[in-house]
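Enquirer: Hints in hand, dock the two standalone chains.
Just so you know, the protein sequences line up as chains A and B, in that order.
Here the first sequence stands for residues 1 to 232, where the numbers follow the numbering used here.
Here the second sequence stands for residues 1001 to 1265, where the numbers follow the numbering used here.
Where hints are given, some of them may not hold.
Simulated pairs of lysine-lysine, PhoX-like, Cα-Cα distance not exceeding 25 angstroms [to be verified]: (1) A:K205 with A:K18; (2) A:K174 with A:K215; (3) B:K1163 with A:K148; (4) A:K3 with B:K1261; (5) A:K30 with A:K148; (6) A:K3 with A:K205.
None of these hints come from the bench; they were simulated from the model.
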Amino acid sequence: MLKIEHVAKRYGRGRQRKGVLEDINLSIGKGDLVGLVGESGSGKSTLARLIMRLETMDEGEISFSRSGNFYDSCQIVFQNATAALNPTWTVRASLLEPLRLMKGDREGYIKEMLSLVSLSDVHLDRLPSELSGGERQRVNLLRSILVKPELLICDEIVSSLDRLIQKEIVELLKRLNEEMGMAILFISHDLKVVNYLCDRVYVMKDGRIVEDSVKQDGTFVFSHPYAQRLFE
Amino acid sequence: MKSNKIFIFWCALFGLIVLITVFANLFSTYPVNEMNMDKVYMAPGDGHILGTDHLGRDVFTRLLHGGKVTLTVAFGSVLLSLVIGVMYGSVSGYVGGWVDSAMMRLLEALISIPSLIFVLAFQAVMQGGMWGMTFIIGVTGWFTTARIVRSEFIRLKEADYVKMARMFGTPIWRIITGHLLRNSVTPLFVVTIFNLAGAVFIEVSLSFLGIGIPPSIPSWGNMLYNAQNDLLIGAWWIGLFPGLLIFFTVLSINFIGEMLKDSRL
Ligand SMILES: Nc1ncnc2c1ncn2[C@@H]1O[C@H](COP(=O)(O)OP(=O)(O)O)[C@@H](O)[C@H]1O
Ligand SMILES: [Mg+2]
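If we strip away everything but chain B, and leave its shape as in the complex, we get (with noise of 0.2 angstroms):
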């Protein structure tokens, strides 16, 4: 089948990028802060493959160890939301009632405060590295997980086998894991590829614009931001290639996304 392959092709690419940002050490050619005053923006070719940038580091290994900061941040914070909008969603869901009602009028409210005034606010009260990043992105960005888990959850608690696991007394917890998470375990995953792929960009979005993870700790979005003054020199390949590296993920995940949305649900 055609597009079977085009989705072993995207998930073999993102699996690709995964694999050589998280052994960033076995692949890098130099050290990760190594500088070398000689040798400040040179063009792709010997010895730096992909060149350096204006402090003379090499750019290919910036990217690998970049893209481990990114990745991580955005796993971190996607696992994050995941567990927060599974509680959340999950008590809203089974309960019901007024309890779901008023759930869903707080996560209405939480929804039209664009994430950025929480990130703003975040960052202006924790200083945040890399893990206070983690945490805020993942933090803000568990409403769909916790809309789909509570939609999940309504439909399902009607099916018989539930009305039977309540007659044979299983306990709740077991109804809640068992029979509605285990049954909403598609659906989950889908919106947590796509997830992963917003807290990527969201990552790469904020560092950009400098009120993401500090200047001294390399991610794809602190390359993107320091590259803004080389391209006026000409230095293009400081920008291009994490820009291209960004694209192809954040691509990657949301086309293996959109095909496990097609074919599975």
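One chain only, chain A, in its complex shape (with noise of 0.2 angstroms):
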């Protein structure tokens, strides 16, 4: 579905110039569940808004196999939720904002979804300073779901959550898979986690994919070293 091939970037100009990617290849099929770690700094980020076409590469080629709106079916949720949503805006109002063409009862809609991430009506009239850590990144998430995408790119989403919090996530992620057939690429620097979601994984270190591995018997088997110290 997705394919990415020998795909480079590189931010700055003249001397500055440095690259960030390098010679990347990935693919991820329908309804995969495919991990992405490495450290901070790896490019793991700038990986995934080169996928969502936020910026533009160097080299390469990125394709996507759907057609009609990218956008319907490929989203992203961001790290950092709070980011993520207008502060001005009701839980309401943003939710309501992919669904602008969408015909029929909205609003039913959603309340329907909101169950999905364990939320409820009540907190529709909130503002996202209103909400816990957790409840802003469940908003940040079902957001991104409410088209549901074919593929969706999680980008560090429980990172800065507390433990009970992220298996909730990881639950809900695992469970969108199965109904939905949703393909999920989830970078993180969380290797328990991607150890415990994941079915394969692609591991990054300094802009290059060093090593990927397909999971077997529960556990994934590594030869390049760092991967190995990665996972230890």
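Expert: Here it is, written out as structure tokens:
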């Protein structure tokens, strides 16, 4: 469904020009649960922005095999839920935003979907500042899945949350994958979570993908020393 | 909290001034332009609490009506500069690139020309009355507003929620009003408050110099203008009371602006 071939990305000009991504190859099929791990600064978010067409790449190609509006079939959830929600909009207004063109009972649809992320009607009239960190991230996540995308990119969405809420959100992603067949690219530096959630994983280091591995008997096996150390 | 009480005090004072001038007709004790040649230069006291002027007109009454004119000009011009400033700043900040550079260059050029030159030029062409004055102050007062809107837009358009909005296909006008302007309200409000104080001050100064509102319309600036001669013969009340009102009006608006700036930004 998504195919990334030989992608490179550089920032800056002239002498300060610096490669952030180099020769990235990655593919995601329908309904896949794919992890992307690497230390902070290795270029994960940059790759996510490229996939989402928020920036242009310098080399290579990214193809997405769905016709129609790209953002109806591919969505992203940003790491920082506070920054991803307009602080002056209520939860209701934020959730209605992606449904602008939807026909029928939008409010009813939102109410129905709220329970999916264990939120309720009472949250609809609140501002982001009146929600807990976990609730905010669930609203953020819900907004991105309202359009029922076929691929969802999650950029460190549980990293700043405590374990209990992390677990809840990861379970939700698993369910979305099973029930709706939503493919997920789960970007994280938390290997425990990736190990639990994903079936396949790419390991990134300094802008390159050093290894990818498919889960066998519940674990990933690596040959590259960096990946081995990471998953120790 | 102490500063909260001070804030309420200044708001109340300004509110009171606005209220008595808006309802000038209710509070005034004489018709605005009623002259009484038997009672010229009466000191404050019986019948005329703030005295009378050189034509025997009641100073208190003229103060209220003059305030109505001055404040109308101030509010009207501030509204006008808000509209112009928001539109100019929005385009410059949202579009960015060379459009932004060109627009900012132009803005700098406009700022560098003393606004007195604009005013004189306009006055020469238009022979403005009250609304002419409002127009002039409005079209020369939007520069700071435009700058603030632009810098807020440049900051906010990189926000994650704006990126999300673009991906959701939210129309541009909705992004501008709902996301960008909506989150610039506080600084915009503060700069508008300061503009208001500035507008009062400009009307007063221009009328005082005799190039503002025509002398036939009472305004605080005109009253001060007329009071210049009266002061020489010892009629201090004709200049003092408008002076005090102007002083407290500008002061209260400035204090309100300062406190909003400190507390919410
Ligand atoms: N807009 C940008 N301009 C310049 N450098 C950038 C920009 N965005 C990211 N970088 C650099 O790219 C590298 C990778 O960043 P990022 O993709 O955020 O990594 P990760 O998400 O894995 O932590 C970092 O060194 C960062 O400084
Ligand atoms: Mg990142």
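Enquirer: Each hint: holds or not?
Expert: Verification of the hints:
The straight-line distance between the Cα atoms of K205 of chain A and K18 of chain A is roughly 15 angstroms, inside the 25 angstroms bound, and the hint therefore holds. Our distance criterion of 25 angstroms between C-alpha atoms is met by K174 of chain A and K215 of chain A, whose separation comes to about 16 angstroms. As the CA atoms of K1163 of chain B and K148 of chain A are separated by approximately 19 angstroms, the hinted pair is consistent with the 25 angstroms bound. A hinted pair counts as satisfied when its Cα atoms are at most 25 angstroms apart, and K3 of chain A with K1261 of chain B does not qualify at roughly 51 angstroms.
Under the criterion of a C-alpha separation no larger than 25 angstroms, the hint pairing K30 of chain A with K148 of chain A is consistent with the structure, at around 13 angstroms. Note on K3 of chain A and K205 of chain A: the hinted pairing holds, with a Cα-Cα distance of about 20 angstroms set against a maximum of 25 angstroms.
Going through the hint list in order, the structure does not satisfy hint 4, though it satisfies all others.
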